[in-house]
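K.L.:
Sequence lines, in order, name chains U and F. Take the first sequence: its position 158, counting from 1, is numbered 158 in this note's numbering, and each next residue is one higher. Take the second sequence: its position 188, counting from 1, is numbered 1188 in this note's numbering, and each next residue is one higher.
No lab work stands behind these hints, which were simulated from the structure alone. Please read these numbers as outputs of a predicted model, since none were measured by experiment. Careful, some of the hints might be misleading.
Taking CB as the label site, the calculated pair distances span [what the hints assert, rightly or not]:
| hint | chain 1 | residue 1 | chain 2 | residue 2 | range |
| --- | --- | --- | --- | --- | --- |
| 1 | F | 1231 | U | 252 | 54 to 62 angstroms |
| 2 | U | 5 | F | 1327 | 43 to 51 angstroms |
| 3 | U | 15 | F | 1359 | 28 to 36 angstroms |
| 4 | U | 5 | F | 1483 | 26 to 34 angstroms |
Note that CB positions come from ideal geometry on N, CA and C, so glycine has one too.
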Amino acid sequence: MAIAILIAALAGATVALFFQPRWWFPDAISAHAKAYDAHFLFTLCVIGAIFVFAQGLLTWVILRYRDRGQAPSAHEGNNTLELVWTSATAVVFLGLAFAGQGIWAGIHLDAPAANALRVEVLAKQFAWSYRYPGPDGAFGRVDTRQIDDASGNPFGIDAKDPAGRDDITGAILRVPAGRQVELLLKSRDVIHNFFVRELRLKQDVVPGITIPLRFTADTPGSYEVPCSELCGLGHHQMRSSLVVMAPADFDAWLQEAQQKAAQP
Amino acid sequence: MTVFSTCHKVIGKQYIALSLFSVFIGIFLSLVMRYHLVHPDTKVKLFQLLWPDGAPGGQMTPELYLSLMTMHGTIMVFFVLTTTPQSGFGNYFLPLQIGAPDMAFPVLNMLSFWTTALSLLTLLAAFFVEGGAPLSGWTAYPPLSGLGKITGPGQGLGQDLWILSIALFCVASLMAAINFIVTIIELRAPGMGYFDMPLTCWGWFVTALISLFAFAVLLPGGVLLLLDRLAGTSFFIPGGLIVNDQVQTRSGGSPLLFQHLFWFFGHPEVYIAILPGMGLISTVLSVFSGKRVFGYKAMAIAMLAIGGLGFVVWGHHMFISGMSPYSSIAFSVLTLAVGVPSAVKTFNWLATLWGGRLRFTAAMHYALGFVSLFITGGITGLVLGQPGLDVYFHDTYFVVAHFHLIMGVAAVFAIFAGLHYWFPIMYGRFLNEQLGKLHFFLTFAGVYALFVPLHFAGFVGNPRRYPDFKEYEFLKSVMPLHIGVTHAAYFLAAVQLLFLFNYLWSKRRGALAPANPWGAATREWRND
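Excised from the complex, chain U in its bound form (with noise of 0.2 angstroms):
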């Protein structure tokens, strides 16, 4: 009896949870992130409306049948009831699993569009680093041994080849609105994870491979980029900031950044 209050009571109280706007996704900044959002509520409808009649079920079970004397019935299983309930779930736990491909396609398997603004991103205990390949779009060779972080070089990009001398890099990731990026994320020692909340995307860094992840920035503002996979003492503190620049706010920002990465 008992029991079956507190089951309603905290069943009730999950589902309330859900109507409190305080805990909640940030933003969405791109049509990405405003799919993601549609597609996850659509998914949350349909697990709320299982959790809500399965709960309830249990519930209502739990209050009829409890000891009044009667005799126990002795139906001992039914085949109808078994396909028709695994052949229901099966269309809706499928047609979920269908449903959101589409949000998936959208972030691995679409082309890249043409005019895509290349950014290398480097992870490495406990800081990350960008790098953006100046006005010949070409990223410098880079060689380990080069590698200096206390003189601007977290790269190693190799000072003896001419595609390196316009790269620019820096610890915050400029982006403009708009136009599509393409990140290259590497590391350069563990497993780091590049995760924008407001893009809703979040991939892993993984030393020894190059993985593409790409995403267009419609609201200009600035977003904080937390490592997302454990990566040593520091984790919690590598902290990044994308930047969402209005596309002349843009322009002029990396016009400057070329010109002082031209001064020798």
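Starting from the structure of chain U, add chain F where the hints point.
P.N.:
Okay, now just chain F, sitting in the frame of chain U:
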């Protein structure tokens, strides 16, 4: 000779005792972590006493927090959730339920237990070596776990001991799995077919099969990792690494290979923890409804389906790992498919209750609580199983909430149900029913209060495995939620002392139980 006993009943009790010891260490570690998360700058004398290097002056270091987290996860997964439902209950009750005189290989059985005990000691030893326990989590991903001290304190000898402990645990579990499988195949009473076995036996059978294939992959995974650390190989270490400003000379390995090996074990491990409980819950619901299990055959087949499909879904732990995005699609479909037999089990449990006459014993309370928690914890799998949605929730507190409910708490509720149900056989006495129900109500409410809000930290994007949340602006809003959760954790831990008291007191002083007090139909109640 009761210490090195070959009797299955003694060994079963030994496994349960080992779990009971482990679970309180695990709970204690979680309390220390929860305290630190909401009081990151408070110096605590006790921490300094326990970990002089990890908490100088009582101020906990990030590496200490991470090592406590690693040990909490490892202890709970291996020495509690893998140990009691299968090796504890299984050893004690499988031979009784199928009419066997003992397990097929009693000496091997004894060896399994003592290897498990050695494994636990090896793990706990990591606390006391230089650098302390490892900080790479229970998943121990290389290169963080593969390069030694250079990647952080605790990554030296502590990590070696951790791997050694896991390897020993694998050996013990493989021996136990073989023993269970042979016992079920060879020692069933004359005339007892597979589909005449109680569902508990099906749970232990499928779990043993899973263990055989899963631990057989984790073991070499661990050995290869140890070779990378100690013998200079590079199975998991790629070339060109610069760690802590030192150039590494290894090349050619793949960090993702380890993740595949680990999760090939790691996902089936979830079912190792929950399947024996599923079998038991079916029995308890049936006995206290006064009805036979609804859809017995469907239930047994669902277990086989879960066990089989469970081996082809490991990639859902790796959606964001950098593996091929195409394989994510396959893993996603298979993952949601494994939800189907789980849902089928839930329907059959409800149908078992339907039309019954429910007797609300303490064991029945836990069984009903299990069903509720199984729904609440399982349903979020439909979110995490979609790679498109996982890209936000992966490695956030949403995942922490999900697996604690479904793998941790649900399995523990099955353990509580089993102890209340079988205590009369194990000790000839009842666990106190009133105290048991009180413990149930407080624990059940506490569990919801603790883990449901944690999902919402996940909605905010709160990453897990952070020793504090001070660095980020967006995490400031989550602090009130974490404070509430921490209080729920204190409450929940305190309530567990009721159970400990009930267990220890009832063993000696509990009400004497008559033969077959619950009116059950299975064999273990006959040959008392």
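K.L.:
The structure should be examined with respect to each hint, and the outcome stated for every one.
P.N.:
These are the hints, each one checked on the structure:
Judged by the Cβ atoms, the range 54 to 62 angstroms given for residue 1231 (chain F) and residue 252 (chain U) holds: they are separated by roughly 55 angstroms. Distance hint check: the CB atoms of residue 5 (chain U) and residue 1327 (chain F) are about 46 angstroms apart, consistent with the given range 43 to 51 angstroms. In this structure the hint that residue 15 (chain U) and residue 1359 (chain F) lie 28 to 36 angstroms apart at CB holds, the actual value being about 30 angstroms. Distance hint check for residue 5 (chain U) and residue 1483 (chain F): the Cβ-Cβ separation is about 28 angstroms, which falls inside the suggested range of 26 to 34 angstroms.
Consistency with the previously given hints is maintained throughout, with no hint failing.
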